[in-house]
Amino acid sequence: MDREFKKIVLDNSDVIVQKWIDEIDTLKGFNYSDSVSEELLESTNREFVNIIFSSIKNEGDTKQLKEFSEKLINLGWKVSYITDGLQVFRRVTIDFILQQSDQIDTSYISELLHSVDEWVEPLIRQLVNEFSGNWENILSLQRVALQELSAPLIPVMDNITIMPLVGTIDTERAKLIMENLLEGVTQHNSEVVLIDITGVPVVDTMVAHHIIQAAEAVGLVGATCILVGIRPEIAQTIVNLGIDLGKFPTKSSLRKGFIKALGLTDRKIIRTEENNATIEQMIESLGGE
Amino acid sequence: MDLKSCVDINQEWDIVKARQLGRAKARGIGFGTVDQARLATAVSELARNLYLYADRGKICFEITDELDRKGLCVISLDVGPGIENISRVMEDGYSTSGGLGAGLPGVKRLVDQFDIHSEEEQGTEIRAIKWLR
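Chains V and R supply the protein sequences, listed in that same order.
For the first sequence, position 154 (counting from the first letter as 1) is numbered 154 according to the working numbering, and the numbering increases by one without interruption.
For the second sequence, position 18 (counting from the first letter as 1) is numbered 18 according to the working numbering, and the numbering increases by one without interruption.
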C-alpha cells in the first residue's frame, strides 16, 4: 500500500506542491517577520517542499536537512514554520490521495494515515531536534559565560583584593563566590578582601547568610573581609530583617573600604607634589559613592 | 494595572521573577526606593520559603485600596507541609534549614501588616501589606 500512496504523491507532485504553497501562504505572518521578502519566502518554501519530496523518495540525506534547518535558524524563523509546513503537507497529501481513490474503507484510511505519518514524522523529529539542539547550545554557552562573570576576583595591589558582585545571587553563585574568594585569598596572598555589593539588587537573609559565611571563611584563612557598597535602602532592610553584620567591618562605598584596607595593611595614600591630582583621580575612579 | 497578578514559584529563578514583579508593582503605586527595597526583600524571603519548604507555590500581588490609604499586599500561597508551630518560626534565629532564621520575623518587620495561616499537610497562606505613606 505504502508504495501505491508514494506513487500517487510523486506522480502528482506538482499539484500537491501548488496546494501546499497556497495553504502555507495563508499562515504568513505567524512564523516569520513581515519584513521577509517574497523571493526569500518562495525560495525557502521551494527548498522545504523539495526536502519533503526527496525524503519521501528516500533520497533525502541528513546533510541537506541540517543545512536547511541551519538556514532557518540563521534567518530567525520560528520552529512553527517547520511544524506548520509539515502539518499542512500531511493534510494536503491525505486530502489529495483520498480524492484520487475510488474505493475507500476504514482500513484504507488507516493505512493512508499511517503511511503519511511515517513520511512526515522523521522530518519533524530531525528538524525540531536541530532547532532545540541549537537552543540548548546557546543556553549552555550563556550559562558558562555567566559563570565566568559571576564571581570575579581582582588583586588591586599587594595584599588587597576586590570582589565586585553584580546581579542576583542564587545558591549556585553563592557557592562560586565562596570558592573563588578562598582560592583567590590564598593564591594572591591577600590580607584584606573587599566584597562590593553595590550591584546586588536585593540582600535577603539568604544572600546575607552566604556573605557572612564567606567572610567567616576568609577570616579562617587569615584575611580580613570588608563588605562595601551597602546602599542606604539595603542598610535599612538589613536592619529590618534583623541580620547582624557586625562581625566584620562594613563601608558604604568601595572608596572608603579601600582606604580602610590600606590602613589595615599599614599603608596610606600620600599626595606627591608634582602630580597630586592623579592619585585622587585613581581613587575616584575606583570608588564612586 | 491589573488588580491582582501572580507568579508561580517552581524553581530558584522564579524568586527573581517574583521579586522583579513586586518591585515594579511597588514602583507603580508610588513607593520610594527604601520601601521598594523592603517590599522586594519581603517578596524574596517569602518566595524563597516557598521554594525551600513547600517546593512550589505562588506569590500574588494585590493593590489594596481603602478610603484613606493605599497599599500593596503580597500573598504567599502553597499547599506544602504547613507550619507546625507558628510562634516558633516567628522567633528570631529559629531555622530548620541552617539559615539565619530571620526570614519570617524579618518580613513581619519589613511590612506594616502581617497575617499567617497554616494548617499541617494543608499548606500556608501569608498576607503581608505595606501601606503607602
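Simulated from the structure, these hints should not be mistaken for lab results.
Check before you lean on any hint, since a few could be wrong.
Straight-line C-alpha distance at most 30 angstroms; calculated DSS-like pairs for lysine-lysine [claimed, not checked]:
id, chain 1, residue 1, chain 2, residue 2
1, V, K57, V, K6
2, V, K175, R, K108
3, V, K78, R, K108
4, V, K175, R, K58
5, R, K108, V, K251
| Tell me, which hint numbers fail for this structure? | Result: hint 3 breaks, nothing else.
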